[in-house]
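Chains as they are written, first to last, in the UniProt record's numbering: chain H, 1 to 339; chain X, 1 to 339; chain Z, 1 to 339; chain P, 1 to 339.
Everything labelled a hint here was simulated from the structure, so no lab data went into it.
Everything numeric in this text was worked out from a predicted model, so none of it was measured.
Certain hints may be false.
For chains that are exact copies, the list does not tell them apart, and a pair is met inside one copy or across any two.
Calculated lysine-lysine pairs in the PhoX-like style (CA-CA distance at most 25 Å, straight line) [what the hints assert, rightly or not]: (1) K98 with K196; (2) K98 with K45; (3) K158 with K98; (4) K158 with K249; (5) K306 with K98; (6) K45 with K11; (7) K249 with K98; (8) K306 with K158; (9) K11 with K196; (10) K249 with K196; (11) K196 with K306; (12) K45 with K249; (13) K45 with K306; (14) K306 with K249.
Number of protein chains: 4
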Amino acid sequence: MRAVRFEGDGKIALREVERPSPGPFDLLIRVEACGICGTDRHIVKGEFGASPPVTLGHEFSGIVESVGSGVTRFRVGERITADPNHGCGLCAPCREGKVNLCENLQPLGVRRDGGFADYALVPEAQAHALPLSIPPLHGAFCEPLACCIHGVDLAGLKTGASVIVLGGGVIGMLVVQLARLAGATRVVMATRQADKRALAQSIGATATVDPSGDDFLRRLIGESGLFPGGADAVFECAGVPETVTQMLKLTKRGGTAVLLGVLPPEARVAIEPLGLLLREVRLQASFLNPFTHARAAELIASGTVKVEPLISRTITLEEASDAIRQPAPRGEIRTLVVP
Amino acid sequence: MRAVRFEGDGKIALREVERPSPGPFDLLIRVEACGICGTDRHIVKGEFGASPPVTLGHEFSGIVESVGSGVTRFRVGERITADPNHGCGLCAPCREGKVNLCENLQPLGVRRDGGFADYALVPEAQAHALPLSIPPLHGAFCEPLACCIHGVDLAGLKTGASVIVLGGGVIGMLVVQLARLAGATRVVMATRQADKRALAQSIGATATVDPSGDDFLRRLIGESGLFPGGADAVFECAGVPETVTQMLKLTKRGGTAVLLGVLPPEARVAIEPLGLLLREVRLQASFLNPFTHARAAELIASGTVKVEPLISRTITLEEASDAIRQPAPRGEIRTLVVP
Amino acid sequence: MRAVRFEGDGKIALREVERPSPGPFDLLIRVEACGICGTDRHIVKGEFGASPPVTLGHEFSGIVESVGSGVTRFRVGERITADPNHGCGLCAPCREGKVNLCENLQPLGVRRDGGFADYALVPEAQAHALPLSIPPLHGAFCEPLACCIHGVDLAGLKTGASVIVLGGGVIGMLVVQLARLAGATRVVMATRQADKRALAQSIGATATVDPSGDDFLRRLIGESGLFPGGADAVFECAGVPETVTQMLKLTKRGGTAVLLGVLPPEARVAIEPLGLLLREVRLQASFLNPFTHARAAELIASGTVKVEPLISRTITLEEASDAIRQPAPRGEIRTLVVP
Amino acid sequence: MRAVRFEGDGKIALREVERPSPGPFDLLIRVEACGICGTDRHIVKGEFGASPPVTLGHEFSGIVESVGSGVTRFRVGERITADPNHGCGLCAPCREGKVNLCENLQPLGVRRDGGFADYALVPEAQAHALPLSIPPLHGAFCEPLACCIHGVDLAGLKTGASVIVLGGGVIGMLVVQLARLAGATRVVMATRQADKRALAQSIGATATVDPSGDDFLRRLIGESGLFPGGADAVFECAGVPETVTQMLKLTKRGGTAVLLGVLPPEARVAIEPLGLLLREVRLQASFLNPFTHARAAELIASGTVKVEPLISRTITLEEASDAIRQPAPRGEIRTLVVP
Ligand SMILES: NC(=O)c1ccc[n+]([C@@H]2O[C@H](COP(=O)([O-])OP(=O)(O)OC[C@H]3O[C@@H](n4cnc5c(N)ncnc54)[C@H](OP(=O)(O)O)[C@@H]3O)[C@@H](O)[C@H]2O)c1
Ligand SMILES: NC(=O)c1ccc[n+]([C@@H]2O[C@H](COP(=O)([O-])OP(=O)(O)OC[C@H]3O[C@@H](n4cnc5c(N)ncnc54)[C@H](OP(=O)(O)O)[C@@H]3O)[C@@H](O)[C@H]2O)c1
Ligand SMILES: NC(=O)c1ccc[n+]([C@@H]2O[C@H](COP(=O)([O-])OP(=O)(O)OC[C@H]3O[C@@H](n4cnc5c(N)ncnc54)[C@H](OP(=O)(O)O)[C@@H]3O)[C@@H](O)[C@H]2O)c1
Ligand SMILES: NC(=O)c1ccc[n+]([C@@H]2O[C@H](COP(=O)([O-])OP(=O)(O)OC[C@H]3O[C@@H](n4cnc5c(N)ncnc54)[C@H](OP(=O)(O)O)[C@@H]3O)[C@@H](O)[C@H]2O)c1
Ligand SMILES: [Zn+2]
Ligand SMILES: [Zn+2]
Ligand SMILES: [Zn+2]
Ligand SMILES: [Zn+2]
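The task is simple: from the sequences and hints, build the whole structure.
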C-alpha cells in the first residue's frame, strides 16, 4: 500500500510499504480522508517532535477492513474515526485523569503510523464509530473538533455569553460553531481575510471584524464597540504572539481567555499583570482532546457541526507530500487527502 | 475625635474631626485596630486612586458604640469587623454576582472614611460579628484573610495538593495557612528574608526556600527538587514582575497559578505561550473578597488561622501618618494602628 | 389606581387604591403585563405564605413613570422588568452569595405589592432594562425565565447532551429552549396533552412523548428507546410526585436530575438509594433566580427565547381575580393580565 | 499457594491453588494485607454480583515478587497497592472519563482473582507505588480511602465548612479525616456505639453524637444544636435507610448530601421534595474511586491519614473464610487478613 512517510531531516515522500496487519486489539481501516494540519508542516520543518520514519496524518477516518482477535466492538465494513492521542495510563497525569497531559503520548501520525496512507492501524481503544450515512470526508474533522470541544468546555460559557474568536482557520471556525452551541448568543470572528469572515458569518458568527489596524481593540471593545469592556470569553485560534496579546485585553471583567494556538517555542508575549488582576481575568490553556472524541464523533454524525464548508480542496496521496511541504495556500481552511 | 486624613498630593496627617453619627443603616464603632497595608502607602504616593480628603484604613474592627434606627442585627457593645468593599448592586458585574468586580466600588478607607481613627462608620451590610472573647487586635486581619480565601477558593485545591507561595508578607503567610487548611499536604514558602521563612515554617509551611540566585527554579522543580515538574498551585503574593514570571514556570501540568499581587500599572511580564499550552496551565487572577468576609470572620473567631505571629508591632494614631509615608521596615509583616 | 388585592382567608378582589409614590431608590412603573403563576393560585388558597393585604403578581414589566431622587440608572419612559426577589444582604446565605436562599426574602407580589395593578413600585436594585422595541407583553416572562436559567446552569450541560423535560407548562417550555441553547442536541418533552407536545416541538424539542401508560420509562430509556439507559439531564417541571419519581429513574450514569417543581409540603416520594449510587446520580434542586435576571432580560430583549407562543390569552385587571381563583384552564401555558 | 475462594452458592473456603505467573503487563505481588469489606460478606451471601470461582479480597497491597516483560515502572522488591477497579476504555462512560461508571468493570477480588491469598496478580495499570518505610498493613486502606476521596471531592467543601458524618465504620472514619483535611473546621460524627464515637474524636471529629432517640435531628440542627439549620455537607456512610432519610434533613440551605452507603436493592427511602427545593439541596451519590487511587496512596505513604487506629484485628488466611461468612463483630472497624 502507499503511505506518506516522514523520514527525518525535512524528507517526506510517498512510499510503497507493506500493509500492516492488526494486532489482537487493533482495527485495520481503509482510510477515507485525512486532513493536513499545521502540525504536519511543523513536523516536516523540524519544528515539532516526531519519530521518523513514520507515516504522517492524525486527522483521519475510514472503513474497517479487518479486526484483531480481541476486538469486541467493531466489525468489518463499519466506519470509524481515530483519536490519535491516547494516554499511557501509567504516568502521574494519566492517573489523575488528565490524559491529554500524559508524559508518554505516542500520537498516531506523529510517533506511530497515521492516516496519509491507503490503510492505517487504529487500536480499538482509540476508535469511535461513525455512521455510514454521512459524507465520507466528514470524519476527518473529528480530531480538530474534539480539541475545540475541550477548549470550549474549559471556557465555561453561560447562556447569553459574548465571545470573540481570534483566527479564522479550521480551529476558529469550529470554535465559532461550538460557542454558539454552548449558549453564546453573540460570537464575533476576527480574522484578516474577507472570505474567511464571510465564511464565519455563514456558519454562525453573529458579527465579524478585520483585526488589521491600530484601532482594532477600540472598534471591538471601546465604548461604542460591539462589546464595550470586553467579551465573556476570548479564544485564541491563530497561534501568533499578536493575538495572544489581544486576547487578554479583549477579556472583560471576570471573563476567560482560552489559549488554543500553538506558538513557536521561542515566542514571548508581554502581559499586564495589574490589568489582569483588576479585571480578575482567567487565562486558560487548552491542549488536545481529553475524553471529548466521542462527543466530536456524535456532533459530526448528527451534522450539528457544519464541516462541509470547511473543506477547501481534496488531493490525492501523490499530491500530499508537496502540499505538506508548502505553506497553506492563502484562504485555505482544510485540505483533505483522499487516498 | 482623631483621624488620619489623606488630603491629596501626598499629604497625610492626623486631624481632629467631628465624630460621625450613624445614618439609619449604619453602625458607629470604636476602632480597636486597623492594619497598615501596602495600598495605604500607594495611595499616599498617588499610585492608587482614592477620594481625598478621606480617612484611610481599610483593615479594621472595633466595638459598636451606637447604631442607626434601621439596624436590626447588631447591638451596642458587640465587636464587629468591617468588609470595606461593597458592590453597588446596579452595575453589570454586581448583577452577575461578581460583586468584587463592581464598577462603582467605594471602599471604606479609600473612597469613604475608614479605620485609622478613634471611631468609624460601618454600614450594617458591611459589618460581620466577632466574639468579644478573642484578642482585640485579631479583627484587623479579616479583610486580608477574606482576599486570600477568595484566591485559595479559585485555585480549586484538592486534598494532597502541592503548593508554592511566592512572597512572605501577610498575604503569603495567610495563603500558606489557607492552603494547608484546604488540603494541600506540601506547601513551600519562597521569600528572601530568613526570618520570614522561619515564620512561615512555624505556621504551617512544610518547607521554605530562598528564591535568590539563578538556580531557584531548578532547586524547586528540577528533577531532584522538592516538586519535580512543578506544583499543583502557585500563588503570587509578592507583587513584583519577577515572581509573576516565576509562577507560570513553577506550575505543573494541569496546574493553576493564582495572581494575588498588585503590580504597578506599567509593569509588563513576558510569558511563554507554548509552555503554558503544553502544560495546559491556568492563570487565575484573584481580586478582593467576594462573599468571603463572613468566612474570614469565622476563621479568626475560632482561632483556626493564626494571626498573632503576623503582628509585627502596634503603633498609635499619632505615629500612623509617618508609618504610612515610609516604606515598610524590613522584616515587617503587619503593623497595626491602635487608637 | 386599580390593584388586585389578596386580603387573606381566600379573599382576592380588584380594589381602588392610592397610586404609590416612589421612595428615593424606587421606580414607579406603569405595568404593561403581569403573568398569572401557579404560586398566585396557591397564595389565594392559603397554600403558600404571603403578607395580606398585598397586591399580587410577581411576573411583570412596564414603563417607568417616575423615579426617586436617588435613582441613577433609569429614566422616565424606559421599559423595565422587575426581579421580585432580592436578598436582604444581612443573613448567612446572602453573605455567602446564595441570595436566592435569603432567610428574609420579601418578594414583590407576595410580601410587598406586586404587578396586578395599574402601577407598581420597583426598587432600582430590582429593575432591569428592556428595549422599547420588543412586544410589550414579553417582559412578563423574564422572571420565570430567570428561574429556568438557574436550573439549567445547575445542570452543567455539555455540548451534545441528551435532556428530558418532564412537564409542559411555561417552565418546561422555557427549559426546553434553554437546554437547546446550552448545547443539548437531543431534548425530549414529556407531557400528557398533545397540544403541549406539539408546542414543545415547535419551539425546539427534538422529540416528545406522552408519559401516560405503564411503559413510559421503557419507551423512553429502554434498549430501543430514544435514550437507552437514560439522559444526561432530566428536568422536573411538573410539580407532582410521579414526575419526581420518574426523573431519578430517567437519569443516566453520571447524570443530573434537576428539581424545579414546587410540590405540596406533605408530598413524599420514594427513592431507590442503590440505583442512585450505582449510577452516581446527582439530584439538584433549583430555587428561584440568583444573579440570573439580567441574563433573562437579555434573552427576552434579543428574542433568543421565544415567548410569543407561550401566551395563551390576555385578560384585564377586572378579570384577574376570577382567573386566579380558578384552576388554570386545560391547555393554558401562560395567561397575562394587561391593565 | 493458598487462596480464599468464593465458589458460588454461599461457598467460601481456603484452597491450595497454583501460583499465577504474570502476563506481560502484570505484577505478581506477595500480599502483605487485605481488608475484609462489607462487600465480601455481601458476595458470599449472594447479595452482590461476583464471578465464582474467584479469589476474594479487593483492599490489598504487597511486595512485587516478579514482573511481566512489558512492565516498565515497577521492580521486584517494591511495595504497591492495587486499585481493583479499572475501566474498560471502550464503553460510553469510560470515553467520557467516568471510569468508575464503566459498563464492564471486572474488579479484582470480585470478578478477577483478588488479595485473600499468598500472592496476587495486579496489572501494571492498576498498581500504585508505596514506600517500604511505612507499616506493611497500611496499604490495605488505600482502596476505601480512594473511594472516600472521591466522595469528599464531590462535596466541594470550602474552608470553614460544617460537616456531619453518619456512620462510624471505616468509611465514616476516613471521611471525617478527609473532611478536616479539605478545610471543614467543624466535623460531627454520628454513630451509635460509644467506642466508635471516642475513636472518631481521637482522629479529628470536633464533636460526636449518638443518633439514637427521636430528638436526634433537634439535638443536632435545632436552634440550640451544634449546627442550627443544618450542615454544609452531610455524608451517608452507614448504608441504612434511616441515615439516608436523615442526611437530606440535616443538610442546610445550599448544602450537599453525599451518598456513599450501599443499601440493599429493595431499600426505598421517602424524600420531601418541597423541603429539598426550598433549601436547594444537592444529593450527590459517590461510587468508587475514579482517578483517586494515586492520591490515596500518597496520603497513606505520608501518614497524613491515620489508619493504624482503624485496624481492629489481624487474622490469618486460615481464619478468613469464617470471618467473611460471619457478620462483622460489634465494634469492628477493619479486620485485615495477613497471609
Ligand atoms: N490546542 C489544541 O489542542 C490545538 C489543536 C489543533 C490546532 N491547534 C492550533 O490552533 C491554531 C489554529 O489552527 P488552524 O488549523 O485553524 O490554523 P490556521 O489554518 O493557520 O488558522 C489560523 C488563522 O489565524 C489567522 N490569523 C493569523 N494572524 C492573525 C492575526 N494577527 N489576527 C487574527 N487572525 C490571524 C489566519 O487568518 P487570516 O489570514 O484571515 O488572519 C489564519 O487563518 C494553530 O496554532 C494550531 O497549531 C491547537
Ligand atoms: N488580590 C487581592 O485581593 C489583594 C489583597 C491584598 C493585598 N494584595 C497584594 O498582595 C501582595 C502582597 O501583599 P503583602 O501585604 O503581603 O505585601 P508585602 O508585605 O509587601 O509582602 C510581599 C513580600 O514579597 C516578598 N518578595 C519581594 N520580592 C520577592 C521576590 N522577588 N521573590 C519572592 N518574594 C519576594 C517580600 O519578602 P522578602 O523580602 O522576604 O522576599 C515581601 O515580604 C501585594 O502586592 C498586595 O498589594 C492583593
Ligand atoms: N424552582 C423554581 O424556581 C420555580 C419557579 C417557577 C415555577 N416553579 C414550579 O415549576 C412547576 C412548573 O411550573 P409551570 O408554571 O410550568 O406549571 P404548570 O403550568 O402547572 O405546568 C406543569 C405541567 O406539568 C404537566 N404535568 C402534570 N402532571 C404530569 C405528569 N404526571 N407527567 C408529565 N407532565 C405532567 C402538565 O401538563 P400535561 O397536562 O400536558 O401533562 C402541566 O402543564 C410548578 O410546580 C411551579 O410551581 C418553580
Ligand atoms: N460508595 C463507595 O464507593 C463505597 C466504598 C466502600 C464502601 N461503601 C459503603 O459504605 C458504607 C460504610 O462502609 P463501612 O465499611 O464503613 O461499613 P460498616 O463498617 O458497616 O460501618 C457502618 C457504620 O454505620 C453505623 N450505623 C449503622 N446504622 C446506623 C444508624 N442508623 N445511624 C448511624 N450510624 C449507623 C454503624 O455503627 P454504629 O453501630 O456505631 O451505629 C456501623 O459501624 C457501606 O454501605 C459500604 O458498602 C461505599
Ligand atoms: Zn500517561
Ligand atoms: Zn456594582
Ligand atoms: Zn438574606
Ligand atoms: Zn468502560
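* Asked: In ascending order, which of the hints set out earlier in this document are inconsistent with the structure?
  -> Violated hints (numbers, rising): 1, 2, 5, 9, 12, 13, 14; every other hint is consistent with the structure.
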